[in-house]
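Each chain, letter by letter, is given below.
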Amino acid sequence: MKKQVSQNMGFGLLFLCISTTIFFLGSIIYFIAIRGFRILSWDFLTQVPREAMTAGGVAPAIVGTFYLTMGAILFSLPLGVACAIYLTEYSPKSFVVNIIRMSINNLAGVPSVVFGLFGLAIFVKLFDFGVSILAGCCTLGILVLPQIISASQEALLAVPQSYREASLALGATHWQTIRSTVLPAALPGILTGIILSIGRVAGETAPILFTAATFYTRGFPKSIFSEVMALPYHIYALMTEGTHPQEQTQIAYGCALILLALVLAISAAAIIIRQRHRKAYEQ
Amino acid sequence: MYRIREKIYKGIFTLLAFASLIFLVGITFTLFIEGLPVFKEVGFFDFIFGKSWYPTYEPPEFGILPLILGSLWVTFGAVLFCVPIGVGSALFINELAGKRLKAVLKPVIEILAGIPSIVYGFFGMVIVAPFIQRLLGLPVGLTAFTGSLMLGIMATPTVCSISEDALSFVPRSFREASLAVGANRWQTLTRVVFPASASGISTSIILGMSRAVGETMTVLMVTGGAAVIPHTFFQPVRPMTSTIAAEMGEAVMGSTHYNSLFAIGLILFFITLVFNVIAELISKRYRKKLGLGR
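Heads up: the sequence lines are chains A and B, in that order.
Just so you know, this note's numbering puts 88 at position 106 of the first sequence, and the rest follows in order with no gaps.
Throughout, this note's numbering is defined as the position within the second sequence, counted from one, plus 266.
No wet-lab data here; the hints were simulated from the structure.
Possibly wrong hints are sitting among the right ones.
Computed list of lysine-lysine pairs in BS3-like fashion (alpha-carbon distance at most 30 Å, straight line) [as the list claims (entries may be wrong)]:
id: 1; chain 1: A; residue 1: Lys204; chain 2: A; residue 2: Lys107
id: 2; chain 1: B; residue 1: Lys306; chain 2: A; residue 2: Lys107
id: 3; chain 1: A; residue 1: Lys261; chain 2: B; residue 2: Lys365
id: 4; chain 1: A; residue 1: Lys75; chain 2: B; residue 2: Lys273
id: 5; chain 1: B; residue 1: Lys550; chain 2: B; residue 2: Lys273
id: 6; chain 1: B; residue 1: Lys368; chain 2: A; residue 2: Lys(-16)
id: 7; chain 1: B; residue 1: Lys368; chain 2: A; residue 2: Lys261
id: 8; chain 1: B; residue 1: Lys317; chain 2: B; residue 2: Lys306
id: 9; chain 1: B; residue 1: Lys550; chain 2: A; residue 2: Lys75
id: 10; chain 1: B; residue 1: Lys306; chain 2: A; residue 2: Lys(-15)
id: 11; chain 1: B; residue 1: Lys273; chain 2: A; residue 2: Lys261
id: 12; chain 1: B; residue 1: Lys276; chain 2: A; residue 2: Lys75
id: 13; chain 1: B; residue 1: Lys368; chain 2: A; residue 2: Lys(-15)
id: 14; chain 1: A; residue 1: Lys(-16); chain 2: B; residue 2: Lys365
Produce the complete structure using the sequences and hints provided.
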């Protein structure tokens, strides 16, 4: 009997835990959705800010986030996937490769603000890009590089060894095997990793604080060497700078809703692709 | 012909792989080069254990103990929140949720783990901080407690998701054996399944902690930013990450202030390095124990 009671209490406790998780995460989404919707309109998405950031839209910030994200992925995608292919397909299993693997894993956990410091010292100052889209893209690209490498590596390692052996046995060369057999099989996994990194880059703020972002630009960015507005930084700036906290908070709600919807949609897409892929493998 | 092409491809991949490694190694070097001068100028002990951080005063003081303690308090508070809730949620998803509910909850939690930190910071600033201020009658709502709470909520999906992975690795036979000798589900869960996945769960906790220590925007917005040694949870603090983020804009390049912010970055780098190495060692041992080696 006592056994039964403690089981019920334990299960009740677990139910409480999951409810708490859902409650907190749900209320964040609820508040931002409700209050963000009030200000959201076509003009909000397509106009530039007006009247000292108290009216108008946030189009430059949306465009800026798009540029930064695309640039970062363009930078890190070839490097990251190539690195993963080298590590899984070409490199001999050795002590050195193990060290490389470990350091990539560790870099994935380094705080994003530290990447910002690196971007400031190298891209902004040493390479003299200045505070610019280019410097921001490079910094963000390096930030997600470890993530892209390890996701691609995992996808490549999940391809059964027999695929490679079959292809080689048919007389295909090493590169032909990789291109026509291994990569197509690993593609959904690699894609998931890349989409997840897109979501992460779009929401990152700390790395662009001192490498790319600014509170206000006149219109849209003109070249890759110009400063840029970005959604996440815009939220921060609206809350900490400026002179009209009341109106600015409303706009920040709108920005937060756009950002949240964007990031959640991206990661939902990635996870759906992965689950489909997993099912296909299991069958 | 083929052989030459093969060599070229291998060469390209090797080159690109090492190019990305150069960037990754470059981070460590940059931090050392820009950060180490401070240890020489201020002195290692005075820097780490100095009790006051007044980088812009005359004469300036560069003691980062208040910042380290700020980070520790906030992280500790976050862990107190996210570990029980996150692990409990994982146990619920693994054991109690039916197949359908699990198929919904697991991906939803994973998707929620991707909410950007700026959103937590914003939410903490406009909703949670005023609420806590009114609830507890504090002079300000932006405190270490608010920071802990927001970081805790933020790390919960991560902890939950990785813990659930660890729980699902426990072989079915473990459960069946326990149920067969007459244990009920709760006893099986707490005495067989949980211990068997304990090292996997502790990995999730360490990764959650590492995320909390390194988190920047959330703490920058909700902890208040006072660089004093904290005495209670209900006063403003200034963790290391938010110090870097808040002050880098105004630090003059090459000044002691500039270098000291890099040195803080270096210390953060080492803290997360230690966390990650521990997590890796634990998960390696755990894989061996359950025979999941790859």
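A quick look at each hint next to the structure:
Taking the CA atoms of Lys204(A) and Lys107(A), the gap is about 21 Å. The hint holds against a cut of 30 Å. The suggested pairing of Lys306(B) with Lys107(A) holds, with an alpha-carbon distance near 23 Å, which does not exceed 30 Å. Restraint check for Lys261(A) and Lys365(B): the C-alpha separation of about 15 Å stays at or below 30 Å, so the hint holds. Restraint check: the Cα-Cα separation between Lys75(A) and Lys273(B) comes to about 19 Å, which is no more than 30 Å; the hinted pair holds.
Distance check on the hinted pair: Lys550(B) and Lys273(B) sit about 35 Å apart at the alpha-carbon level, beyond 30 Å; violated. Distance hint between Lys368(B) and Lys(-16)(A) is fulfilled; the C-alpha atoms sit about 29 Å from each other, no more than 30 Å. Among the hinted pairs, Lys368(B) with Lys261(A) is consistent with the structure: their alpha-carbon atoms are about 15 Å apart, no more than 30 Å. Restraint check: the Cα-Cα separation between Lys317(B) and Lys306(B) comes to about 18 Å, which is no more than 30 Å; the hinted pair holds.
A C-alpha spacing of about 17 Å is found between Lys550(B) and Lys75(A), which places the hinted pair at or below 30 Å, so the restraint holds. With a CA separation close to 63 Å, the supplied pair Lys306(B) and Lys(-15)(A) exceeds the 30 Å bound. Annotation: proposed proximity of Lys273(B) to Lys261(A) is violated, straight-line Cα distance about 37 Å (limit 30 Å). Annotation: proposed proximity of Lys276(B) to Lys75(A) holds, straight-line Cα distance about 16 Å (limit 30 Å).
With a C-alpha separation of about 26 Å, the suggested pair Lys368(B) and Lys(-15)(A) falls inside the 30 Å cut-off, and the hint holds. Under the criterion of a C-alpha separation no larger than 30 Å, the hint pairing Lys(-16)(A) with Lys365(B) is consistent with the structure, at around 28 Å.
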